[in-house]
Amino acid sequence: MLGGLQARTAALPLPDGVAPLPSPAAFSIAAVESAHKTMGDWLSEEAEVRAGIQAIEYYGYVSSGLKMLHDLALGGNAEARDYLDPFRSQMPIAKNYKAAHAFGIHFQALGDHVSAMNWFRRAATEANYHESQVNYAAYLVSGKALPNPDPGLAIAQLMKAWANGKNKDAALALGEAYAKGVGVPHRDVQKSVMWYKRAWEQGRFADAAYVVGFSYGTGVLPFSAANNTADEENSKPWNSSGLTNMDVNEALAARMGEPKNDEKHSARKSETSSEGNETKVEVKAEPPKFINPVALDYALAAQWYQKAANRGHPRACNNLAELYMTGKGVNPNDSVGFKYFKKASDAGLPEGHYNLGRCYLSARGCWENKKKAEELFRKAESTGITEATKALEPFRAEVMKQRTGGWFSN
240 MLGGLQARTA
250 ALPLPDGVAP
260 LPSPAAFSIA
270 AVESAHKTMG
280 DWLSEEAEVR
290 AGIQAIEYYG
300 YVSSGLKMLH
310 DLALGGNAEA
320 RDYLDPFRSQ
330 MPIAKNYKAA
340 HAFGIHFQAL
350 GDHVSAMNWF
360 RRAATEANYH
370 ESQVNYAAYL
380 VSGKALPNPD
390 PGLAIAQLMK
400 AWANGKNKDA
410 ALALGEAYAK
420 GVGVPHRDVQ
430 KSVMWYKRAW
440 EQGRFADAAY
450 VVGFSYGTGV
460 LPFSAANNTA
470 DEENSKPWNS
480 SGLTNMDVNE
490 ALAARMGEPK
500 NDEKHSARKS
510 ETSSEGNETK
520 VEVKAEPPKF
530 INPVALDYAL
540 AAQWYQKAAN
550 RGHPRACNNL
560 AELYMTGKGV
570 NPNDSVGFKY
580 FKKASDAGLP
590 EGHYNLGRCY
600 LSARGCWENK
610 KKAEELFRKA
620 ESTGITEATK
630 ALEPFRAEVM
640 KQRTGGWFSN
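For the sequence shown, our numbering gives the first residue as 240, with consecutive numbering after it.
No lab work stands behind these hints: they were computed from the structure. Incorrect hints may have been included.
[Said to hold, decoys possible] Restraint ranges, calculated between C-beta atoms of paired labels, are given here:
#1 G404 - N572: 36 to 44 Å
#2 R443 - K610: 36 to 44 Å
#3 P571 - E365: 53 to 61 Å
For every residue, glycine included, the Cβ atom is placed at its ideal position computed from N, Cα and C.
With these hints in hand, go ahead and build the complete structure from the sequences.
Dropping the structure here:
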């Protein structure tokens, strides 16, 4: 599931005062039970149905009209039920596409994803409404409420959403699609960067700026363990952030629930030996292969990291600090590098803890403080940073020396 789309299929809370509504298929039972209503009740409801439809189609009061029809459908009114059913509704979608989209969100909140998806589909295909095209794409990618996922059609809908409304979420999802190869022929770095730039321009997503900066700094994307080997000799003291598999779009993940990692580094399969015994063989997945890498440009990397860092992105702060410490793309400045390492560490980034510890250990941009360095290395080690374990060796040797009176110091 592309990160930028997961929110589009999540169930949202119902508005205050709105009772849970069954799916349109369940309304028929209520309609039969309501057959015993008096003629006066039927005439009264007829007027209410007309008023609800008029509120939606002519006055644009979608929320109030929807609530009115919602209550009538709960009471068994077949006409209100049919109007809310995406397969039976006669609502002119081309004129009322925002109402159709609102109906989709309404049924999404009720957990009726079949109705929600079909309202989004109608608004997307009959009216080319860009918000509905993004929501419809989310269902196509996930396969929810559909027999099977259709990522290719999802990409087509996202492209239309961009063409019709410069939709920021569409740009963000397309950036990730080209990075992960979802619904597109190849993992294309240049196209991914292009879409992330557009996502930044339209939505100021810190994650988008970070990915662009990472690409200019490494030539690849932060969805692989690949690193630029030519960049190793001048960066060994520092731990770059984002060189392992990760999900981006963290800003949207907060709206979509639990993020899902689409990549897998390794897989296991069972094989049967000639003796008939089942053995486990570990098969390492190949690292992702990208086409059209971007040319390394540390100055551009610094500019894009700065954009993300200005919005508080911890990984961008960490990697921007590394550029200041190594003088790549910027004038070397230990004080500025220390400042951004500290921001990354304060945000809880493990690499930030390690790098800030290096600063305190070697007085880079700060006064030497070995006690603080040890504290930060221990934090980094507890979160899996292997370099921190090595950095702690002298501290542990000193503790052992003190405990043994120097007998085992050599």
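Now for the hints, and whether the structure bears them out:
no.: 1; hint: G404 - N572: 36 to 44 Å; in the structure: 42 Å, holds
no.: 2; hint: R443 - K610: 36 to 44 Å; in the structure: 40 Å, holds
no.: 3; hint: P571 - E365: 53 to 61 Å; in the structure: 58 Å, holds
Checked against the numbered hints above, the structure breaks none of them.
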